[in-house]
Structures are given as C-alpha cells and as structure tokens.
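Asker: One letter stands for each residue in the lines below.
2 protein chains.
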Amino acid sequence: MNEQPRRRRAGGRAANTARRGGADLHQSDWRIPLNTDAPTEPLRPEGVQAIHEGAMRILEEIGIDYLNPEAIEIWKEAGAIVSGENVRIGRDFVMEMVAKAPSQFTITPRNPAREITVGGKHILFGNVSSPPNYMDLSLGRKVPGTREQCANLLRLTQAFNCIHFAGGYPVEPVDVHASVRHLDVLFDKLTLTDKVAHAYSLGPARVEDVMEMVRLAGGLSEDEFRARPHMYTNINSSSPLKHDYPMIDGCLRLIRAGQAVMVTPFTLAGAMAPVTMAGAVTLSIAEALSAIALFQYVRPGCPCVIGTFTSNVDMKSGAPAFGTPEYMRATQMTGQMARFYGLPLRASGSCAANVPDGQAMWETGNALWSAVQSGANVVYHAAGWLEGGLIASPEKFIMDCEVISMIQRYFEPELVATEPEDIAVDAIREVGSHGHFFGIQHTQDRYETAFYSPFVSDWRNFEAWELGGAVWTPERAHRVYHEILSSFEPPPMADAARGALEEFVIRRKEEGGAPTDF
Amino acid sequence: MNEQPRRRRAGGRAANTARRGGADLHQSDWRIPLNTDAPTEPLRPEGVQAIHEGAMRILEEIGIDYLNPEAIEIWKEAGAIVSGENVRIGRDFVMEMVAKAPSQFTITPRNPAREITVGGKHILFGNVSSPPNYMDLSLGRKVPGTREQCANLLRLTQAFNCIHFAGGYPVEPVDVHASVRHLDVLFDKLTLTDKVAHAYSLGPARVEDVMEMVRLAGGLSEDEFRARPHMYTNINSSSPLKHDYPMIDGCLRLIRAGQAVMVTPFTLAGAMAPVTMAGAVTLSIAEALSAIALFQYVRPGCPCVIGTFTSNVDMKSGAPAFGTPEYMRATQMTGQMARFYGLPLRASGSCAANVPDGQAMWETGNALWSAVQSGANVVYHAAGWLEGGLIASPEKFIMDCEVISMIQRYFEPELVATEPEDIAVDAIREVGSHGHFFGIQHTQDRYETAFYSPFVSDWRNFEAWELGGAVWTPERAHRVYHEILSSFEPPPMADAARGALEEFVIRRKEEGGAPTDF
Numbered sequence: 001m002n003e004q005p006r007r008r009r010a011g012g013r014a015a016n017t018a019r020r021g022g023a024d025l026h027q028s029d030w031r032i033p034l035n036t037d038a039p040t041e042p043l044r045p046e047g048v049q050a051i052h053e054g055a056m057r058i059l060e061e062i063g064i065d066y067l068n069p070e071a072i073e074i075w076k077e078a079g080a081i082v083s084g085e086n087v088r089i090g091r092d093f094v095m096e097m098v099a100k101a102p103s104q105f106t107i108t109p110r111n112p113a114r115e116i117t118v119g120g121k122h123i124l125f126g127n128v129s130s131p132p133n134y135m136d137l138s139l140g141r142k143v144p145g146t147r148e149q150c151a152n153l154l155r156l157t158q159a160f161n162c163i164h165f166a167g168g169y170p171v172e173p174v175d176v177h178a179s180v181r182h183l184d185v186l187f188d189k190l191t192l193t194d195k196v197a198h199a200y201s202l203g204p205a206r207v208e209d210v211m212e213m214v215r216l217a218g219g220l221s222e223d224e225f226r227a228r229p230h231m232y233t234n235i236n237s238s239s240p241l242k243h244d245y246p247m248i249d250g251c252l253r254l255i256r257a258g259q260a261v262m263v264t265p266f267t268l269a270g271a272m273a274p275v276t277m278a279g280a281v282t283l284s285i286a287e288a289l290s291a292i293a294l295f296q297y298v299r300p301g302c303p304c305v306i307g308t309f310t311s312n313v314d315m316k317s318g319a320p321a322f323g324t325p326e327y328m329r330a331t332q333m334t335g336q337m338a339r340f341y342g343l344p345l346r347a348s349g350s351c352a353a354n355v356p357d358g359q360a361m362w363e364t365g366n367a368l369w370s371a372v373q374s375g376a377n378v379v380y381h382a383a384g385w386l387e388g389g390l391i392a393s394p395e396k397f398i399m400d401c402e403v404i405s406m407i408q409r410y411f412e413p414e415l416v417a418t419e420p421e422d423i424a425v426d427a428i429r430e431v432g433s434h435g436h437f438f439g440i441q442h443t444q445d446r447y448e449t450a451f452y453s454p455f456v457s458d459w460r461n462f463e464a465w466e467l468g469g470a471v472w473t474p475e476r477a478h479r480v481y482h483e484i485l486s487s488f489e490p491p492p493m494a495d496a497a498r499g500a501l502e503e504f505v506i507r508r509k510e511e512g513g514a515p516t517d518f
Numbered sequence: 001m002n003e004q005p006r007r008r009r010a011g012g013r014a015a016n017t018a019r020r021g022g023a024d025l026h027q028s029d030w031r032i033p034l035n036t037d038a039p040t041e042p043l044r045p046e047g048v049q050a051i052h053e054g055a056m057r058i059l060e061e062i063g064i065d066y067l068n069p070e071a072i073e074i075w076k077e078a079g080a081i082v083s084g085e086n087v088r089i090g091r092d093f094v095m096e097m098v099a100k101a102p103s104q105f106t107i108t109p110r111n112p113a114r115e116i117t118v119g120g121k122h123i124l125f126g127n128v129s130s131p132p133n134y135m136d137l138s139l140g141r142k143v144p145g146t147r148e149q150c151a152n153l154l155r156l157t158q159a160f161n162c163i164h165f166a167g168g169y170p171v172e173p174v175d176v177h178a179s180v181r182h183l184d185v186l187f188d189k190l191t192l193t194d195k196v197a198h199a200y201s202l203g204p205a206r207v208e209d210v211m212e213m214v215r216l217a218g219g220l221s222e223d224e225f226r227a228r229p230h231m232y233t234n235i236n237s238s239s240p241l242k243h244d245y246p247m248i249d250g251c252l253r254l255i256r257a258g259q260a261v262m263v264t265p266f267t268l269a270g271a272m273a274p275v276t277m278a279g280a281v282t283l284s285i286a287e288a289l290s291a292i293a294l295f296q297y298v299r300p301g302c303p304c305v306i307g308t309f310t311s312n313v314d315m316k317s318g319a320p321a322f323g324t325p326e327y328m329r330a331t332q333m334t335g336q337m338a339r340f341y342g343l344p345l346r347a348s349g350s351c352a353a354n355v356p357d358g359q360a361m362w363e364t365g366n367a368l369w370s371a372v373q374s375g376a377n378v379v380y381h382a383a384g385w386l387e388g389g390l391i392a393s394p395e396k397f398i399m400d401c402e403v404i405s406m407i408q409r410y411f412e413p414e415l416v417a418t419e420p421e422d423i424a425v426d427a428i429r430e431v432g433s434h435g436h437f438f439g440i441q442h443t444q445d446r447y448e449t450a451f452y453s454p455f456v457s458d459w460r461n462f463e464a465w466e467l468g469g470a471v472w473t474p475e476r477a478h479r480v481y482h483e484i485l486s487s488f489e490p491p492p493m494a495d496a497a498r499g500a501l502e503e504f505v506i507r508r509k510e511e512g513g514a515p516t517d518f
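Residue numbers (full-length UniProt numbering), protein chains in the order written: chain A, 1 to 518; chain B, 1 to 518.
Because the hints were derived from the structure by calculation, they are not lab data.
Where is the CB? At the ideal position from N, CA and C, for every residue including glycine.
Careful, some of the hints might be misleading.
Straight line, CA to CA, 35 angstroms or less: simulated DSBU-like cross-link-like pairs of lysine-lysine [as the list claims (entries may be wrong)]: (1) Lys121(B) to Lys316(A); (2) Lys76(B) to Lys100(B); (3) Lys242(A) to Lys100(A); (4) Lys121(B) to Lys242(B); (5) Lys121(A) to Lys100(B); (6) Lys121(A) to Lys100(A); (7) Lys121(A) to Lys121(B); (8) Lys509(B) to Lys242(B); (9) Lys100(A) to Lys76(A).
Some, not all, of what chain A presents toward chain B, calculated at C-beta under 7 angstroms [stated by the list, open to error]: (10) Asp223; (11) Val425; (12) Phe437; (13) Thr473.
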C-alpha cells in the first residue's frame, strides 16, 4: 500500500460521526496512577556522585544564606558553622538528616477518597499555580486575575479526575486585597474542590489561617489535624544560595503541625545558576537539601519533597525557556538525585508560549514527559500554564488535561497485557485474511474500554471537521470550559464545616486579615 | 518566592529583544544522532515470549497470503506449506532467516556526506510521505497535491539538517499523470536534495526507473550501485495477513540490486487487527517477519528494517487515531520485539489533527517521543503530517522540525556532562548569594552553544510578542516556510549526472512512462 492513505482509510467515512468533546467528559475514574516505566537516567553512577560531591562542597565550603533569624538560631543549635546569615553544614549531618525523611507519605484532604500518596511510583498532577494574569479566548487579551476567574479554574481543578491536587491559586485574584486574599481563595478552594489544598508561605498569619481553614473544612480536631498531613506548602529558594524569611517560616509552621513541605529551587541556568545543566542541578540540590536537613532536624521524619525547576534562559535575551532539551535533562538528572537521597520528587508542566497553540503544547508535552521520565511524584502546574507562568489559561487547562489523561491511560496495565486472550491468535484465525475485526466477539467484548476516549481532540476527518465549523483546538477547549462551568456542581460538604469556614473568614476579615508587609 | 513569577522574571524585559525565527535557521550541523537513552520496555521477558509465540503460531498455523506468484514459487522452493495464496512457515525457518538480516547497515545517497546508518543506537528522521492533499495557511484550504508543492516540501527536506532522509513523495502531485509521476518527482528529489531517496513499490517499471535514476544521480556504474545500499523502499502489508503483488515485487527487485527494504504493517487495533494492543502488535510482527524471512531466503544478509505502525481506531466512529497512549505502548512493545529479533526498527511521527494546532503537536509529540522510547532507528513522517497522513502541511513541517531538532539536541552528551567545570562549584563560589551568572567567565565561555536555539518558537514575553504582531505559531511557521523557499539553493550536482537524469526522464516519458494498471 505504500502508505498512500486513500486505500487504508476505511474508517474515514464513519469518522464523520465522531463524538465531540464536551462537558460529558467520559473521563476515567479518580485514581492515582503508578509510573511503571523505568526512569530515564542520563547520568552514570559517577555523574550522580559528581553532582552529590558538588552539592556537598557547596554546603560545606560556600554555605546557604538564611534570611530567617529563627532558622539561624536552629542552625547554631545544630552545630552548623554560622556566619551572619550564611550557614555551612557538613555532609555527614546533611545525609543523616535527609535519611530521616520518609520516601513516601499521604496527604488527606477533607474528602478522604481524595487522599494522595506522595512517593514511590505514584505520579500526581496539579493545576497551574500563581500566575498574576488570566486570558481566555472570549476576552482575547491578558488581564489581571480576579476571584471569579480563580474560582472558575478551581472548578476545572475539581472537574478533572486527572488533576489530583489543588495547588496554589490557579490565578492570583488581584481584585481581592492581599490582606484577605488567602481567606477568600481558600474558602473557594475548600468549598469548590475536595482535593488536597496548599498554603502559600507568605507570612505567619496566612499560613496559620490556611491551616485552620483546612482543619475546619475537614471537620477535624486540632489533634486529628496534626496527626498526619492534610495539606502542604511549596517553597522556592532565592537562588543563588538563599532561603528567604517567609518561605522558611511557613515550612517550619507546617512541619511542626504535621503537614508536608516541598522545597523547589528555581534555578535558571545562565541567570541565577551556572550555565551548565549539571551545575544548575548541583546548585538546586544544595539549596533544597539544606532546607530539608533543617526541617528534618526540627521534626525528624517530617514529610518533605525535593522539587526541580531547572531550566535555561535564552542567552540572547535573558528570557526564560521551558520544555527545552536542557530542561528535560535537568529534570531527569534531578530525578536520579532524588532517588539517590530517597526523597519524593516534584517536577512541573511548563512552557514559554503566550497562547494555547502548537508551541505551548510541544513545550508542555516535553515538560510533562520529562516529569514522567524523571520518576517525578508530583507534577505541579500540569494544567493551564502559559507565558512562563505569568498567564493562567482555561483553554490551555483543558488541552493539558487531555495530555495528562493520556499519560494516565498510558500507565494502565491492560495496554501492555500479554495473556493469551490479549495475544488473540484465535481472533486472528477467526478473521483470517479477508475479514475485519470490528464485528467479532473478541472486539465486542472489549470495545467500550479498549482505547482512550478524548474530550477535546477532534479525530474526525478534514471534511467532517470542516462541516462541523472547522474549529481549532483552542476554540474547542473554550467550549469545553464553558460546558464544564455550566454543569458544575460543587462536591458535597457538611453544613457544619461550611458554616465554620464562613464564620472563620468573617472573623478574620473583621480582624483585618493578614499583614501585607511581609 | 512561592512561584509568583513577578519576582523571578528578571529576564522579562530583556526578552523583548528575543530573536525571531527565520530562514537564518541557526540550526545544528548535519549529523546522525545517537539515542543514548535506555529504551522504555513495558513488556517483561514473558511478554516478549508471548508475542513471539503468538507470531510464530500465526505463521505456522494460520499463514500469510501472498498475492505475488513469484513469491509463492519461492516459498514452495523454500519448503513452506503453500495452499493457494496462503503460506505457512515453521518457526525454525523464520528464526534462521531473520538471523541473517544485519542489525546495522548504511545507505549512501549521491552526496556521500549524507550517508545514513540504520540500526544500533542511530535515530534518523524523514519527511512526511504520501499525503494526497496539501494545505497551507495562505491557501486556507485542503487541495490535491501538485508538483510545485511537492518540490517546495522537498526544499524543506533539504533545508533542515534534522531531516536525514527524503522519504516518499512529501505530497502526491496529482497534477502529474501517474504514468510519469515517479519520473518528475524523483528528478525533483534527486536535484533539490542530496539525501537518501526512496522508491515506491508500485509496479516493476517504477521501481526499475527509480533505481536507475538514483544510480545516474550518483554517477555510479551498475556494479557500484549494486555493491551497497544507495536507496530503499518501504512496504505495508495488507493487514490482516496479506502481502500484495507490487509491494513484494518491489522489495524483491531492490534486494536483488543490493538495496534496502523496510516492512511496515499498518495494523489498526479494532479494525484490521485485534482490539488488544498486544494482539495488534503480534499480527504486525507476524506479517513483517514473514516478508523479511522471504527476503533473507532470496538474498541472505540483505538490509531489512522492521516497521511499526500500530495504532487504534476510535471505536465510536472507526476513525484512526494517532499518538494515543495505545499507539505509544504498541510502538514501545514493537521496539522490544525488534531487539529480540535483532532487526532495526522504523516508527513514525503522526497525528489525527486536521490543522497545525495544539492537538497536532501533542499527538505528534507523543508519537515522536514513543519512537525515541522504543529505540526506533528510522522515524518516518517525522515532519509535515496532518489528518492521519491525508494532508501535507509546510507549517506543520516547520513546527515538527523544531521538535525534532530539540530531540536531537536532547541527545547531545554535553547536556548531561558532569566534569568538574560542569558541576561549576568555583563559579557558584564566585557568584555567591548576591550575584548573577550572566557576566562571569564560566558563562561567557559557554553561552553561545550552551542551549538549544529555536527557529520558530517565540520565547518573548506576552507584551513583546503582542507588540510584534501577536503571531501564533502556525503563522510564524508560514513565514519561516517562505523565508526558506526564497533563500533556497539546491545542493551542488555534477552537470553530467544532472544531464543523464534529464535524458533518462525524457526518454522514459517518450516511452510512455510506467503502466498504471498495477
């Protein structure tokens, strides 16, 4: 046939009737996928040792700055060499502390059925977090985020079973004053979703407020809340070589309350990190291990995740790039280091693209696949990110969810099952050289669940697609977005819990919310 | 920093000056990348054995139909059990024959510097082949292909160093009569490119004509041509369980002339193959091995590639899907089988999308990454494919070349180098906790080649991108397309060779070209 499709496109006509995406998502049930692929390991053992050795030398010889006085005091007590804000620690201490961190733990949100397991072969995906701006196709331009847009993106976070946790604010609602923003968004998040929530480490008051709100939303006593992780925070170091005040403060508060922390240096090779990818990874590892060692010293065994966010800049402009080959290799290398230290790994979906087009999807696809290849346990920003994290896009959210759903489907064991009925010699014999597999029993028994079913992809042929309006993917995603919003129902919540939350928000607003001078 | 990008976007302003894509592609030099990643292997050894056992049972118990009388005679001579068109062969014979195939070989086009190595860790990418239709953004609609469009896509094939071979017709020029189409397209291909060319197995006259044209273009004697591979053909079986006349005829002609063949069953699970992926792969393996065994019997040691093109249909419409999770796993499983048999592997870039948008890029990205993960040696259709292979798109070609170039960059060893200067402890010490890596010597020494440099991606921030016209990726690709065409210079060619080609085409046209009743 020479791959001239005219002859092999038997399904072309039937494709006219292909189902279109819509609010009826036909998605898989909620579950935590297991990444059963062997990780991609570009480093040989000597390479792992070289990065480890480099990170240890940074910690021993150069040190990390802590802009947090409490941390400085703790470091002194722990026997570190402290000089002003600079903290140097020996490798034996680092390794002893890091070894105390669990390789796997759970976080249980208000709906226990949405509990997530962090570590091992589990791979979790979360929504985009923290863009200051929002853009959708009906607006047609980039605007500062609002509470309504934020809530709508939280509805998407809840609607998609492939999204396992509600990360940071999916867009920063700058129409809400910073002093009470955390109260409003957390109220929305804890009522519109029943998935694991996050607290920004942006000052003591916010962190304490969010912990209290998560406790109230779950109807938990103080002891029940503190008994195990119900939420987490994620911090970035201020590369190079610095941890700032509120980040460390937030983590200390969470670990003392039994909650989980993720430490994610953001090291852009060529800017705040060495131009070499191994160098950028080494710096990232040193910064992360320093903080994790501190937390393990304060609360041995507290749940910690090591994060990677190492990419490169465009050396001609300084613009950050994402989903590049360098980004992929850095993510994979950090995965090897995370396994070396026995820590769960966080990576990201990300892109530099400004609109939900082809570039956005190849960059994000590269980032997501590198997360898979690295053995990442937590994939931040997996849906909805544009412009290097400066724009939240609902269309991109929908499109990313298709890719993430396919990744989750990819890990279903039935795809690679090789029992006799999978090998199907009898079915092949039955059909012979002149038949078709559509109608036979072997197919009929399996066709409903045999293959991934898309919700925004259009698999129809060109003519059917054209007759249907010639709708490109972002516009289809826009429709799906509105279909989800119009049919959205918030997850059930006990009246008492909801009432307690409302009461707390009112009271804290009356008290003036959180200071904004952190 | 909590990943609120406002603070970490130091490069944002500088990004205004980011270089735009253009004909000045800044691409890497021509080279054959080595896939140094361990392949992704979803099958355990028992799974490989189960597929092998299934394929052997198909060949022994069910048999493959050969619609080619010469092949039937050869099979009788070889001791196969022949019943009409049906041919059954024992596993010992199959394995004995397949073992004769080389695991690696070269193909040398008219420019020896463009020689490709097929097998081992080498990974080669080729242009889209065989779509009957063409679409570009200035046309705005799908039209039957023309010679001019075909030639323009051949110019792209030549322009991009990431494209290693010129596969089939990048679009079928239906404005040229089928009797002489091969003459005109091969003339264009052999003059506009100096990369490895391909002959469609569409009847004896075409195959013989193309071999002669490749010989003339290279200025080779008959003996020189036959001494080693200078070209190849690719055939598809007529699944289920059939090889048709011209496909087998073409392969027999090529291997007897010392040229290379690729055997690629096209097995759509649920349509012409079992609904189970392992079953579809098993059928594909059986069909391919049958033909390869035949070829090895005829010419022991002749260069053969086993191809995979196993995907699934949308069970609701029958429409073929590409780049699905099922497609990825089938490709990886076939990779394991190819290594089991010691044969080089061919896979593909592909998508169901009708336009060069996000869906096109995530489907193609999935397909391309699964080719990488499977250890594929030859990646067909890697640039320019839309609508399940029914449309050739120059914009998609450009966009795919960005992805392919990134994959090739991904395999450069420097990305994961861990020598002391890569770990960069001294640079980290020099910059300390308050500096920046931009200006230091360690960066200056490396910045020009440190990172992948894009030609169609736009990495500028939103405001700069908007000021620049808010151009989405397909439109940028359209511009790059025309920039490449306007600056295109054909590769050098000896006057004698060009003259001989011209003469041959004129003579064969006078003789009426090839019969069109194959």
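Asker: Next, verify each hint and record whether it holds.
Answerer: So, going through the hints one by one against the coordinates:
Among the hinted pairs, Lys121(B) with Lys316(A) is consistent with the structure: their alpha-carbon atoms are about 33 angstroms apart, no more than 35 angstroms. For the hint linking Lys76(B) to Lys100(B), the alpha-carbon distance of about 20 angstroms falls within 35 angstroms, and the restraint holds. Distance restraint check for Lys242(A) and Lys100(A): the Cα-Cα separation of roughly 23 angstroms lies within the 35 angstroms cut-off, and the hinted pair is therefore satisfied. For the suggested pair Lys121(B) and Lys242(B), the alpha carbons sit about 31 angstroms apart, so the restraint of at most 35 angstroms is met.
For the suggested pair Lys121(A) and Lys100(B), the alpha carbons sit about 41 angstroms apart, so the restraint of at most 35 angstroms is broken. With a C-alpha separation of about 20 angstroms, the suggested pair Lys121(A) and Lys100(A) falls inside the 35 angstroms cut-off, and the hint holds. Using a Cα cut-off of 35 angstroms, the hinted pair Lys121(A) and Lys121(B) holds, with the two alpha carbons roughly 28 angstroms apart. Proximity of Lys509(B) to Lys242(B) is assessed by CA-CA distance (about 33 angstroms); at most 35 angstroms being required, the pair is judged to hold.
Restraint check for Lys100(A) and Lys76(A): satisfied, since their Cα atoms lie roughly 20 angstroms apart, inside the 35 angstroms limit. With a cut of 7 angstroms, the hint placing Asp223(A) at the interface with chain B is violated, because the nearest CB-to-CB distance is about 29 angstroms. The interface hint given for Val425(A) is met, as the beta carbon of that residue sits about 5 angstroms from the closest beta carbon of chain B, less than 7 angstroms. Interface hint status for Phe437(A): upheld, as the beta-carbon distance to the closest one in chain B is roughly 6 angstroms, under 7 angstroms.
Given hint, Thr473(A) at the interface with chain B, holds; its Cβ is 4 angstroms from that chain's nearest Cβ, closer than 7 angstroms.
The structure fails hints 5 and 10 (numbered hints given earlier, in ascending order).
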